[in-house]
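Let the sequences and hints guide you as you build the complete structure.
The chain contents come next:
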Amino acid sequence: MKTHYYLLSVSGSDRTGIVAAVANELFRHGCNLEDSSMMRLGSEFGIFLIFTRRAAANSDWEMALLERLRTRHALQAVLKRLTKKEAVSRGPQRAKAVVSVYGPDRPGIVARITTYLFARRFNITDLSTHRTTTGLRPGYILVIEGEPFSIGSLPTLRRGLERLGSALKTRVAVKDVTSAKL
Amino acid sequence: MAVRPIRIFPDPVLAAPCARVTDFGPRLAHLLQDLRDTLEGGPGVGIAAPQIGVNERVAIVDVSRRRVKKGATMEASHGLIVLVNPEITAARGLQTPREGCLSVPDWLADVRRFETVTVRASDASGGEFCLTVSGFEALAVQHEVDHVNGRLFLDHVTNLKTDLIRRKAY
Numbered sequence: 005m006k007t008h009y010y011l012l013s014v015s016g017s018d019r020t021g022i023v024a025a026v027a028n029e030l031f032r033h034g035c036n037l038e039d040s041s042m043m044r045l046g047s048e049f050g051i052f053l054i055f056t057r058r059a060a061a062n063s064d065w066e067m068a069l070l071e072r073l074r075t076r077h078a079l080q081a082v083l084k085r086l087t088k089k090e091a092v093s094r095g096p097q098r099a100k101a102v103v104s105v106y107g108p109d110r111p112g113i114v115a116r117i118t119t120y121l122f123a124r125r126f127n128i129t130d131l132s133t134h135r136t137t138t139g140l141r142p143g144y145i146l147v148i149e150g151e152p153f154s155i156g157s158l159p160t161l162r163r164g165l166e167r168l169g170s171a172l173k174t175r176v177a178v179k180d181v182t183s184a185k186l
Numbered sequence: 013m014a015v016r017p018i019r020i021f022p023d024p025v026l027a028a029p030c031a032r033v034t035d036f037g038p039r040l041a042h043l044l045q046d047l048r049d050t051l052e053g054g055p056g057v058g059i060a061a062p063q064i065g066v067n068e069r070v071a072i073v074d075v076s077r078r079r080v081k082k083g084a085t086m087e088a089s090h091g092l093i094v095l096v097n098p099e100i101t102a103a104r105g106l107q108t109p110r111e112g113c114l115s116v117p118d119w120l121a122d123v124r125r126f127e128t129v130t131v132r133a134s135d136a137s138g139g140e141f142c143l144t145v146s147g148f149e150a151l152a153v154q155h156e157v158d159h160v161n162g163r164l165f166l167d168h169v170t171n172l173k174t175d176l177i178r179r180k181a182y
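Sequence order for the protein chains is A and B.
Each number in this note's numbering comes from the position in the first sequence (counting from 1) with 4 added on.
Each number in this note's numbering comes from the position in the second sequence (counting from 1) with 12 added on.
Hints were generated in silico from the structure; no laboratory data involved.
Stretch by stretch, here's where chain B covers chain A in the computed footprint (C-beta under 8 Å, at least three residues):
| hint | stretch |
| --- | --- |
| 1 | 105-112 |
| 2 | 131-143 |
| 3 | 168-179 |
Residues from chain A that face chain B, not an exhaustive set, calculated with beta carbons under 10 Å:
| hint | residue |
| --- | --- |
| 4 | V102 |
| 5 | V147 |
| 6 | E149 |
Since we're looking at a predicted model, the values are computed, not measured.
Backbone N, C-alpha and C define an ideal beta-carbon position, used for all residues, glycine too.
Put into structure tokens, the structure is as follows:
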């Protein structure tokens, strides 16, 4: 029998038991969890799971899984078939950097900064935004983790982001956080 | 002399590099007293002039004010340190403390700081000095020097999943 690879994305109102519910539904169908990532945003909870299943290919169990997640657990779920390469591929370790952006809130900060990074071939791997309301006006904190095109490109990236930050009236700091290979 | 209101992020005064002090007369003495009074009135161990709305390279640090857990040993400190036109001239070692700021009341962050720093500054009369500090005192000095350079501890976040933490209580 062939091994099939899947990506399951699940979201729903945060409450105790979601992870156990999803894990048990997958176990019922003979699935093996390979990798996962979870987050909470507001009152919502989200999970990405990559798993495998050794079986003859058919879509009946896929529909049954999604239906049970929806009706028994009130979860929204999407299932996507992957190739083995898509499921396990990470690529060689690249340089890493963290970009911190903070200042008064205004429309367009995330769009302008991420567009600038894209144009300079910076691959964003994670992003977090927070809005503050304790000051006299709202503030915005944006932290981006990602892979610069090359570690040598960081000084140029830093200068360009600082100029963009000035135009947006916001502070931008760039840090090299590449892990050492030990 | 007064307890002054703390400027809160994203107040623009916190983002501007501060002007060097050239006049060590009564106006500076008045500012330093306001900083002391404001520090005394709150829970912090340091405060910089931009945090009370003044764009000048002036800060004070007093980590002897730090509350320590019962039974814990207080680290050695220099008591009240007045920093006028401070510059960090040497730094070594690393520490990763969890840092907060009176001007960013909702957030804490695990940041990378130097374990030991040497700071060159003037005192309230204009006399220059160099001081080497370590541990928590070094953390406080770096934090306040950041303030007079127009920076916040948010500059030093290196892991967004684990570093930025919402503050629950002050």
